[in-house]
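*Asks:* The chain contents come next:
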Amino acid sequence: MPIIEFTGVRKSYGDLAVLNGIDLSVTEGEVVVLLGPSGSGKSTLLRCINALEDVSGGTIVVNGRDPHDRATNLNELRSGVGFVFQHFNLYPHMTVAQNIMLAPVRVKKLPKDAARRRAMALLERVGIPEKADSLPTQLSGGQQQRVAIARALAMDPAIMLFDEPTSALDPEMIQEVLEVMVDLAGSGMTMVVVTHEMGFARKVADRVVFMDAGRVVESAAPDDFFASPSTERAQEFLRRVTHI
Amino acid sequence: MFNDLSWSVVLDDPGRSFLLHGAWVSLQLAVLAIIGSTVVGTLVALGRVSTAPALAPLRWLLSAYVEFFRNVPLLVQLVFWSFGMFSLDLVRAAAAPLNPVYSNQFLAGLLGLTIYTSAYVAEALRSGIQSVPRGQLEAARAGGLGYWAAMRAVVLPQAFALAFPAIGNQYISATKNTSVVMAIGVTDVVFQAQQIESATFAAFEAYTAALVIFVVICLAESALLALVVRGMLTRVRPGVRTAAPTPALES
Amino acid sequence: MGAITDNLPFMLAGLWETAKLAVLAIVLSAVLGVLVGAMRSARSRLVRWPAIGYIQLIRSAPLIVFILYCYFVLSDLGFDLTPFWAGVVALGVFTSAYLAEIVHAGIASVPRGQWEAARACGLSQAITMRDVVLPQALRRMAPALVSEFIKLIKDTSLVSIIGVFEFFHRVEVTNSRLLTEPFAVLGFAAVCYFVLNYGLSRFARRLELRLDA
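Chains as they are written, first to last, in our numbering: chain A, 124 to 367; chain B, 138 to 388; chain C, 13 to 225.
Okay, chain A solo, but in the shape it has when bound (with noise of 0.2 Å):
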């Protein structure tokens, strides 16, 4: 039973089309990796997933939801996706245990001496306990990184989806964000992450999809897909980003 299941989903803004009839399943506890060049439609399919964007066409559906369907509870199917933006999006006038307890009680009615346990714990996990009372502009961009993650598991979510999480950040401070994220991966999440990481999409992934000009090219146990990739474009861009 998939978690996530789109089909036929189409996008356009006017005449540009940008997802072009995609098909793809994730099921429970997957890892899945979402690669290609930019403008191939990677980040707008996350982004249609917790229906940040609207769909031109096609179904999708989400923890047996529509999250396109005038009838869904679209801040109930929310809370259970975590979204993970490139640029953090946390809340520059609130503290770092703010920002993590606001939807926990905004929206589940969370105490807030429970909700700042709950905040301390996450914090602990991704290893920034001490930034509990700061400023988000007191972190560096990794812990700011790290936060939003926290922000964003806060809701208890049954998926979480990542959006060139590690790409805003200096080189020094990827590796604490991905190692997080690995962290996460090991426990069972559901996951969708859209990165240029190979690294991370080799060692951790399941599955890796191959996107271009709006369509699923390719998808493929990550091995698979490294050592031989089966379409043409899917080794171009192989070819491009370890540049050899």
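Hint data in this document are derived by calculation from the structure and do not stem from the laboratory.
What you are looking at is a predicted structure, and each value in this text was computed from that prediction instead of being measured.
Watch out, some of these pointers could steer you wrong.
Here are some of the chain B residues that sit facing chain A, going by a computed Cβ distance under 10 Å [as the list claims (entries may be wrong)]: (1) ASP149; (2) PRO151; (3) GLN273; (4) ALA276; (5) ALA277; (6) ARG278; (7) ALA290; (8) ALA298; (9) MET369.
Don't be surprised by glycine CBs; every beta carbon is placed ideally from N, CA and C.
Following the hints, position chains B and C against chain A.
*Replies:* This is chains B and C only, laid out in the frame that chain A set:
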């Protein structure tokens, strides 16, 4: 005339108590109009940044509200409320419970000033909301917060901080604009100064006194606003240094 | 409707007076505003400080007080101005302080390299300001200038308190003569001002777009 100044007409009673009473009226008008215009302006700004297709007529109406009240002189609006709306029995009856404290002229002046200022506050806040990065709303929505909850908890606090220098300037303008109510017979500072002038012909002394009262109020207000701005901005954008509002700069 | 049509010539005659007031005051404010704004941007404190004083003093005054000042105090001082000219002076001087700040900000927004290039060619400070910096600055500040001018047009209504027989004064006279039609008469005045000012702001925006293109 300068070797013949008679400051006693404003420094001694009855002139002094006239002016002090006028200052109290002006101050109440300013404070109430600032509070009222902030509430109304916020609602208007929120309506204007809404995106639901069903709310399109509301957005049109609110943009008409902003354009209309910004492009018609305050004096015309005040005369309209005072001699138009407050000539209706219905409005007079509705205002009657307040009359022991506030005259109908005062209420008409307050209403006019509040609505006029709210159009400017709404514009300032709208551009504040639009300069909050889109990812902030998305992050809150991705966490499961509804549109209004996300606006209230995440977007508005940042928008207010960003827009506050501009909004503060509107507050100072509103304070100075309270003086226009003398034209509809509210007994504010300028009205009292005019009374003194017509009784004593000491125009220079009377209007200088009114001016000094306004300068003192506005300077105190901009010092207060500068403190608020600094507090707000260091929270939201620690890197950003913004000029404090000066006793002017209305747009 | 009759309330308006019967009194239309009487009220519209005031519109002409309002237009004269506005145009004269705009010219006066522009001349003073550019001058004071340039002084405000000068290096020398001797030039800069009087400009700052002028700007701060005027901007901390409510316009209505300023109008009363110009009318009563100037005549006490021996300048016997008619209400109309007192109104022009009050509106023009008052607005010039706001324009000066805009001009100053506009000048500050012209890159330093422009100054340096002109000075390196041997141009004097004054010539550099007039021929190199101000033309560039004026284009950047056009939107802010237009909104000040619209404010000035709205503000012309305030000189009715010193007895200038401009548009709104005539509207008020009409209104108190009729007594029964405040909504029609005052609504008419509001619509006139709205059409004038909104039209002007739209026109300015289109001009701006053309300048940018």
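*Asks:* Are the hints correct? Go through all of them and say.
*Replies:* Each hint tested on the structure:
1. The closest approach between the C-beta of ASP149(B) and any C-beta of chain A is roughly 52 Å, which is over the 10 Å cut-off, so the hint fails.
2. At a threshold of 10 Å, the smallest CB-CB gap from PRO151(B) to chain A is about 51 Å, leaving the interface hint violated.
3. The beta carbon of GLN273(B) comes within 6 Å of a beta carbon in chain A, closer than 10 Å, and the hint placing it at the interface holds.
4. About 4 Å separates the beta-carbon of ALA276(B) from the nearest beta-carbon of chain A, less than 10 Å, and the hint is met.
5. The closest approach between the C-beta of ALA277(B) and any C-beta of chain A is roughly 7 Å, which is under the 10 Å cut-off, so the hint is satisfied.
6. Because the closest C-beta pair between ARG278(B) and chain A is about 7 Å apart, less than 10 Å, the hint holds.
7. Look at ALA290(B): its Cβ gets to within about 6 Å of chain A, closer than 10 Å, so that hint holds up.
8. Hint status for ALA298(B) relative to chain A: holds, with the closest Cβ pair at about 7 Å, below 10 Å.
9. Evaluation of the MET369(B) hint against chain A yields a held restraint, the C-beta minimum of about 9 Å falling below 10 Å.
When held up to the earlier numbered hints, the structure conflicts with 1 and 2 and fits the remainder.
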